[in-house]
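There are 2 protein chains.
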Amino acid sequence: MYEVEMKVRATHEAVRERLSALDATHVGTVTQIDTYYDAPHRDFGETDEALRLRREERDGDAATRVTYKGPLVEAASKTRRELETGVDDGDEMNDILGALGFDSAAIVEKERDRYRLDGYTVTLDTVADLGEFVEIEREAPEGDIEPVREGAAARLRELGLDPDDQIRTSYLGLLLE
Amino acid sequence: MYEVEMKVRATHEAVRERLSALDATHVGTVTQIDTYYDAPHRDFGETDEALRLRREERDGDAATRVTYKGPLVEAASKTRRELETGVDDGDEMNDILGALGFDSAAIVEKERDRYRLDGYTVTLDTVADLGEFVEIEREAPEGDIEPVREGAAARLRELGLDPDDQIRTSYLGLLLE
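Protein sequences appear in the order of chains A and B.
Under my numbering, think of the first position of the first sequence as 1, with each following residue one higher.
Under my numbering, think of the first position of the second sequence as 1001, with each following residue one higher.
So that you can see chain A by itself, here it is in the shape it has in the complex (with noise of 0.2 Å):
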């Protein structure tokens, strides 16, 4: 299976009033506090790779995974080698990997606002320090992936939305930017 995904910049409350009158499902919100770091011997922009902390909270109960992401094994369906392993204790986790030489080189927060339209799921995304996003996404079987991509785009023109305003940074990659 394939990630479909699309996102743009978008302010939320117009979003919202189109989703309600679609009859959108409202599933939850999430906040997400992303720790990237760097690697004391090598420089992961060129490699490709990340290595994250992310601390997640879900109606109030909070949980920390650390992730290993490696390099485009496969660039269309940008498909990596992931890694990931929850731990009990984010702070520890994250002066052990101080201590390992590997320091914090961004912290991406955001809160996701997730809805359920027609089979996609629509994420109203809210940045520290970049603002409001529409994300929707829905997996795909290897050759359903341009309908699915299409559907996609129908959904976000339903929201009021433009598909060719489609961002294709990462929230990390804007940040550092």
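Hints were generated in silico from the structure; no laboratory data involved.
Think of the CB as a built atom: it goes at the ideal place given N, C-alpha and C, for glycine as much as any other residue.
Keep in mind that the hints are not guaranteed to be accurate.
Listing some non-contacts, in silico: residues in chain A with all C-beta distances to chain B over 10 Å [claimed, not checked]: (1) A14; (2) A21; (3) R42; (4) E56; (5) Y68; (6) V73; (7) E109; (8) D118; (9) A140; (10) G151; (11) I167.
Using C-beta positions, here's what the derived DEER-type ranges look like [claimed, not checked]: (12) B/E1003 - A/T79: 40 to 50 Å; (13) B/D1059 - A/G70: 51 to 61 Å; (14) B/D1165 - A/D61: 45 to 55 Å; (15) B/E1142 - A/D61: 39 to 49 Å; (16) A/T79 - B/E1013: 33 to 43 Å; (17) B/D1165 - A/T79: 36 to 46 Å; (18) A/D88 - B/T1025: 21 to 31 Å; (19) A/T79 - B/T1067: 31 to 41 Å; (20) B/D1129 - A/G70: 26 to 36 Å; (21) B/I1145 - A/D61: 39 to 49 Å; (22) A/D91 - B/T1031: 44 to 54 Å; (23) A/E13 - B/M1001: 52 to 62 Å; (24) B/T1067 - A/G70: 49 to 59 Å; (25) A/S170 - B/D1165: 55 to 65 Å.
With the hints as your guide, set chain B onto chain A.
The following block gives chain B in isolation, referenced to the frame of chain A:
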């Protein structure tokens, strides 16, 4: 508080008989499989650091912790900076460390059978590839280190062991010799 600790090679069968005769209390058994890592950018042997993933099983419950130990801050008391957190998935953590360039340098696998004797903890360690050891330990305030050490030596003698046989090298050190 300081950790006073003495370790000698010993055949467990004879020590168990002495522990029983001395009315020691059996605390429980734990299995520990410790993986120690090499760093890609410095020599932990030279910097006197350690990075360890410990998989522990106690009464059927499994737990994994990742621990960083810094260099000795104070040689006499063997004080080190120690950072630690539990992790949900030891295999993923091991793979994340591997992807970041930290390779397994040694694995120390041991079964630890603990007893309490006159305020001391007596641990019967069976270490893979090394054999059987007995460790005696107790916390002591700074002013009381010497009497607690003498008490540990006295307990070892009660167990039919010779404190002069003390081994100061860690199991990891013995394995790497």
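We went through each hint and held it up to the structure:
1. The claim that A/A14 lies off the interface holds: its Cβ sits roughly 40 Å from the closest Cβ of chain B, which is beyond the 10 Å cut-off.
2. Annotated as non-interface, A/A21 keeps its C-beta farther than 10 Å from every C-beta of chain B; the closest such distance is 41 Å.
3. For A/R42, the non-interface assignment is contradicted: its Cβ lies about 8 Å from the closest Cβ of chain B, within the 10 Å cut-off.
4. Non-interface call for A/E56 relative to chain B: holds, since the shortest CB-CB distance, roughly 14 Å, exceeds 10 Å.
5. Chain B draws A/Y68 into its interface by the beta-carbon criterion, the shortest separation being 4 Å against a cut-off of 10 Å.
6. Interface exclusion of A/V73 from chain B stands, the closest Cβ pair being 13 Å apart, more than 10 Å.
7. For A/E109, the requirement that its beta carbon stay farther than 10 Å from each beta carbon of chain B is met, with the minimum near 21 Å.
8. Consistency note on A/D118: stated as away from chain B, and its beta-carbon is indeed over 10 Å from all of that chain's, at 34 Å minimum.
9. For A/A140, the condition that its CB be more than 10 Å from all CB atoms of chain B holds, with the nearest at approximately 26 Å.
10. Listed as a non-interface residue, A/G151 keeps its Cβ farther than 10 Å from every Cβ of chain B; the least gap is roughly 34 Å.
11. The Cβ of A/I167 sits about 28 Å from the closest Cβ of chain B, beyond the 10 Å cut-off, so the non-interface label holds.
12. The hinted range of 40 to 50 Å is satisfied by B/E1003 and A/T79, whose Cβ atoms lie roughly 49 Å apart.
13. Distance hint check: the CB atoms of B/D1059 and A/G70 are about 38 Å apart, inconsistent with the given range 51 to 61 Å.
14. For the hinted restraint 45 to 55 Å between B/D1165 and A/D61, the CB-CB distance of approximately 52 Å keeps it satisfied.
15. At about 42 Å, the beta-carbon gap between B/E1142 and A/D61 stays in the expected band of 39 to 49 Å.
16. Checked against the hint of 33 to 43 Å, the C-beta distance between A/T79 and B/E1013 comes to roughly 57 Å, which is inconsistent with it.
17. Remark: the range hint 36 to 46 Å for B/D1165 to A/T79 is contradicted by a beta-carbon distance near 58 Å.
18. Distance hint check for A/D88 and B/T1025: the Cβ-Cβ separation is about 30 Å, which falls inside the suggested range of 21 to 31 Å.
19. A hinted range of 31 to 41 Å holds for the C-beta pair A/T79 and B/T1067, which are about 33 Å apart.
20. In this structure the supplied range 26 to 36 Å holds for B/D1129 paired with A/G70, their Cβ-Cβ distance being about 34 Å.
21. A hinted range of 39 to 49 Å for the beta carbons of B/I1145 and A/D61 is consistent with their spacing of about 45 Å.
22. Roughly 29 Å separates the CB atoms of A/D91 and B/T1031, a value that falls outside the hinted 44 to 54 Å.
23. Look at A/E13 against B/M1001: about 58 Å separates their beta carbons, and that is inside 52 to 62 Å.
24. Distance hint check: the CB atoms of B/T1067 and A/G70 are about 25 Å apart, inconsistent with the given range 49 to 59 Å.
25. Restraint check, A/S170 to B/D1165: a C-beta distance of roughly 60 Å satisfies the suggested window 55 to 65 Å.
In this structure, the earlier hints numbered 3, 5, 13, 16, 17, 22 and 24 are contradicted, and the remaining ones agree with it.
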